[in-house]
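Number of protein chains: 2
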Amino acid sequence: MSIENISNNKCFGGWHKQYRHRSSTLNCEMRFAVFLPPQINTGVKVPALYWLSGLTCTDENVMQKSGIQRVAAELGIAIIAPDTSPRGDDVANDDSYDLGQGAGFYVNASQAPWNRHFHMYDYIVKELPEIIEQHFPISEQRAISGHSMGGHGALTIALKNPERYSSVSAFSPISSPVNCPWGQKAFTAYLGAEQADWKAYDSCELINNATRFVPALVDQGNDDQFLIEQLKPQLLEAAARAKNYPLQLNYHDGYDHSYYFIASFIESHLRFHAKYLR
Amino acid sequence: MSIENISNNKCFGGWHKQYRHRSSTLNCEMRFAVFLPPQINTGVKVPALYWLSGLTCTDENVMQKSGIQRVAAELGIAIIAPDTSPRGDDVANDDSYDLGQGAGFYVNASQAPWNRHFHMYDYIVKELPEIIEQHFPISEQRAISGHSMGGHGALTIALKNPERYSSVSAFSPISSPVNCPWGQKAFTAYLGAEQADWKAYDSCELINNATRFVPALVDQGNDDQFLIEQLKPQLLEAAARAKNYPLQLNYHDGYDHSYYFIASFIESHLRFHAKYLR
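So the protein lines, in turn, are chains L and X. Residues in the first sequence are numbered consecutively from 1235, following this note's numbering. Residues in the second sequence are numbered consecutively from 1235, following this note's numbering.
Hints in this document: simulated from the structure, not taken from any laboratory. Any given hint could turn out to be false.
Intra- or inter-copy, both count: the list cannot distinguish identical chains.
With a cut-off of at most 20 Å between alpha-carbon atoms, the simulated SDA-like pairs for lysine to any residue come out as follows [said to hold, decoys possible]:
1) K1299 to G1247
2) K1433 to S1241
3) K1299 to W1249
4) K1299 to N1242
5) K1251 to G1488
Pulled out of the complex, with its shape left as it was, chain L reads as follows (with noise of 0.2 Å):
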């Protein structure tokens, strides 16, 4: 698997790089990012936080405007960004901002056109992590975190590889997309009409089946636009309830849906991260 080293920019002394890539999984040419900590200069590999991204976002968001790396070059944490779905011209879209590129919902989608490539998941779950682990010296310890769709994909990807990864963490994830109208538009299309089938990818009703934890952050800002109808944080948090599960889920005043919320609060997911990867 060879990968094309398209930008660097040295950032608070470790470097964000970009890469271009032929995906396997995705059946086309992607792009990420990945920032690399100072510390990788002292000859030891650094753990990894994989960064999912939300609707309409590539691996561009997290690194320009979180603010992340200042804390990642201070822990020694590598940050890993994917784009949010694969692209291209032979690549099935959609019109709308939260169908197709843009918007892979980090599943693998079983219905034409969109089974030809939409496999986010397995991408993200498999692909990536070879990639990255056989290119930098980034070890096979890994967090993962994410925002509004990208939250619901670090959820249900860490409850069901709980051996992969240490800790999740979530900004205004899409709590359960089995009852909100983006998921219902996005499993119908990528997983098709049964709904018994997108329950696969359900961070409530994961949790409910779960049997074994990894330490959960949630942070949920109550001015957030979409909260009362797409994130509905009350199911994950009645469903953690339930379950006895590790979820520390905190709602915060004034805050909503942008990245000038996630700037704010990410040092503290670095920080619960730093906790689990050592």
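Once you have looked at the hints, place chain X on chain L.
Chain X alone, transformed into the frame defined by chain L:
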């Protein structure tokens, strides 16, 4: 002078807000952003740091990419981010990125067609602070900073108005526009062919003639793609040395011209300004 609020985002306990207003100086509608730190809730006025952005930028770059709000919130400093030029369908423009809209160079244009709107110097020095100090709990304690073209703007404005700014800083400034292609092109258009008229907007000339000093901090990346041809910090350094001007100029190996560099060192600029704002 009325202003219209067009966005609000809570950030680090304070507020990022954008406003639209009719500028009498620029003869068009303008947008600016403010970050109001949480200390405005204590009933005392807070000091302000004006941030001038570079070519092609708007008020949004520093607010979205620098992480400036974190330490501004800690220190109780408001951040004011104006646009980089007048804008609009009836405002003169040019097809190139380094002249016209997005490239005001913080001068008062004397030449047609630019002289109808391009008076960014007066807008930043006079009209904008009047608006800010009228509408927000912000004192007349001002510092000024900026990046690239905006670093040139911050340095020249502070050097020409030492009574109005307690300190000045810059990232990767155009140190001597009369001696580089960006400055020569813009000054020829805005100020005319007579090079003697350009000197009023050249930091090195202004240091040569300074009678009152404003403490100055400059950071420059050694891997900046514009370092040799456009930025020429050695001219600024030489001018300051000859005059014994209080300029601290730091070079940083590996860093480029991007906001990844600014984000890495913005904290030190805020702490520098805080020393003089109190």
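Results of checking the hints against the structure:
no., hint, verdict
1, K1299 to G1247, "both (18 Å within a copy, 17 Å between copies)"
2, K1433 to S1241, "neither (39 Å within a copy, 37 Å between copies)"
3, K1299 to W1249, "both (16 Å within a copy, 16 Å between copies)"
4, K1299 to N1242, "both (17 Å within a copy, 16 Å between copies)"
5, K1251 to G1488, "between (34 Å within a copy, 13 Å between copies)"
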